[in-house]
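Please put together the full structure from these sequences, using the hints given.
Here are the chains, one letter per residue:
2 protein chains.
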Amino acid sequence: MQVIQKIEELRQHITHLKDNSLSIGLVPTMGALHNGHISLIQKAKEENQKIIVSIFVNPKQFGKGEDFERYPRTLQTDIDICQKAGVDILFTPDADEIYHNDPIKILAPSKSGNILEGARRKGHFDGVLEIVLRLLNLTQANRAYFGKKDAQQLLIIQQMVRNLFLPVKIVGCPIIRDSKGLALSSRNRYLSKAGYEQALQIPLALETIGRKIMGGEYCCESLKQIGLESLRQIEVDYLAIVDHQLNDIKEIKKNESLILLVAKIEGVRLLDNLWI
Amino acid sequence: MQVIQKIEELRQHITHLKDNSLSIGLVPTMGALHNGHISLIQKAKEENQKIIVSIFVNPKQFGKGEDFERYPRTLQTDIDICQKAGVDILFTPDADEIYHNDPIKILAPSKSGNILEGARRKGHFDGVLEIVLRLLNLTQANRAYFGKKDAQQLLIIQQMVRNLFLPVKIVGCPIIRDSKGLALSSRNRYLSKAGYEQALQIPLALETIGRKIMGGEYCCESLKQIGLESLRQIEVDYLAIVDHQLNDIKEIKKNESLILLVAKIEGVRLLDNLWI
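Residue numbers (my numbering), protein chains in the order written: chain A, 3 to 278; chain B, 3 to 278.
What you were told as hints is all true, and nothing was included just to trick you.
Identical copies look the same in the list; a pair holds intra-copy or inter-copy alike.
Here are the simulated lysine-lysine pairs, BS3-like style, with alpha carbons at most 27 Å apart:
| id | residue 1 | residue 2 |
| --- | --- | --- |
| 1 | Lys45 | Lys256 |
| 2 | Lys47 | Lys20 |
| 3 | Lys107 | Lys150 |
| 4 | Lys20 | Lys171 |
| 5 | Lys256 | Lys226 |
| 6 | Lys62 | Lys107 |
| 7 | Lys171 | Lys107 |
| 8 | Lys66 | Lys150 |
| 9 | Lys66 | Lys107 |
| 10 | Lys252 | Lys266 |
| 11 | Lys171 | Lys8 |
| 12 | Lys62 | Lys113 |
| 13 | Lys66 | Lys113 |
| 14 | Lys124 | Lys107 |
| 15 | Lys150 | Lys255 |
Hints were generated in silico from the structure; no laboratory data involved. Computed from a predicted structure; not experimentally measured.
In C-alpha cells form, the structure reads like this:
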C-alpha cells in the first residue's frame, strides 16, 4: 500500500492507473476508521481494480463551536486497517494543498442543503461538497463509496453528481451497527458508558417504527408519534420522514422513503436512519 | 460529424471514445462561429484525436438587460463550419437538460470574479463556470480551448481547474483579428459601418501601447495615459493593466502582464487585450 500525502504524487499514480485502464474505487473518510469504513472498502474492492482511501479531516464541513479540534485522529491505526483491508493507495493530504486562496466556491442546493442537518450545521454541506468534488476530480474514481448513515450527505452528493454530470457512480452502502445495534460512528467514542446505554434507544426507536411499517402503518404522523414515544428519555433533535429528495411526506411509499433520526446525548449529536 | 442534442447520447459516445483511449479536445462556444472559433478548432485538432464543439447560448452568463435574446443564433451555418473544419461531434444541448432545479451552485472567486467584467456583469463568471464545468465533466475532455480575447474568463477558468483539480488542460489561444485589426467577436455584427470604423481605434490604441512597451516604457500609469489619449473619441469602459492574477500593477513585467481594454460603441461592449 502506498501512503501518499502530496497531490502531485497522487496525480502521477492516477495517470499511471488511467493509462492502464484500471478502474478506481474511492472511499473518502475523515479517518478514525471503524467497521463501517471497512465495509465500504470491501464493497469497493468487489467492484474496482484499485482502491483509494482518503483521510482528511475537512475543516470546511465543521461549523464554529463544532468538534473539528477534538475530532479523533488515529492515523497509525488507520494505516494498519487500510493495509489489512487491501487498500492500494491511502491519500492523506494537507489542507493547504487542498484549499487555495480566493477559490471557486461550491454551494449545496439552497433547499436540500439547508434543511435537517443543513439547518443545524450552517455551511456543512457546502464544505462536504467542496472536499468530495475535489477528491473525485483528483482520483478520477469510477465509483465512490459512502455510508447510508449520513443519508442527507449521500443524497446531496448524488445530486451534485447528477447536476454537474460527474463521470462517477456514487454507491450508498448499508449502515453497519455494533452488536447492540448502535450505528457505527467515529463520534461514538465521545460517549460515556451511561451515554452509550442511552444511545441504544435510537436504533430501538427506528426498529419499532420499521416493525410498524411492516405491520401496515404508513401514516407518517403516527409513525413519528410512535418513535418519539419510545425516545421520551433522550433529547431528540429531529425525527423526520422524507422522500429521497428530502421532502417531508405524509405517507410511506416503499423504496422511496427515509426516516431520519438525530438525538443528542452528552452533547454528541448521533445520526441514524432507516431506508424504507 | 455527429450533431448531438441529448446528453444521454453524448455520454454513450464519450464512453466509446474513452474505452478506446482516444484523446478528446473540447471547444466550448455560444455559436455564431467565426474565424476565431475556427482557429480554436484547428489548434484542438493538432493536439487531440477527437474534437467536440459545443454550441450553447448559456442563459446563466447573461445579466438582466443584456443581449441574451438578441445574441446571434446561426446554427445551420455553424454546422457547415464545424463539418468543414473536421469536427467529430457537435453538441447542441437544451438548457433544460443542462440545468436542473435547486442545483449545486458554483461561485467564481470572490475577488477575481467581481472586478473588471465581473463588476460590470454581476454573476457573469458564476454563469460561465456553471456551464464550463458541466461541459468539461460531460465530455471528459483532455484539453479545452478558449480564446485569449476573453482574458479574464480564460484566467478564471484556469483558476477553477487548479482549485478543483479538474483533469483537463485549458489551452488559451491567440486573438484572431480581421484584416483591419478588429478582434473577432460574435457581437461585432451588431455594429453599423460607422460604428465598425470607430471600433478600429481599439486595436490601434493597444498597438500604440505595445509599441511604447517595446520602446522601453514600463510605467503603467504612462501607458494608460497614452492609450486613453488615442481613444478620446470613443467611450472607454476601462483600460486596465494587470498581472495574471488580475491584480493592478504599476510596472510592466514581461510574460506576466495583461492590458485589458473595453470600449462601448453603439451600445456594444467590445473587449480587446494585449498579453505582454
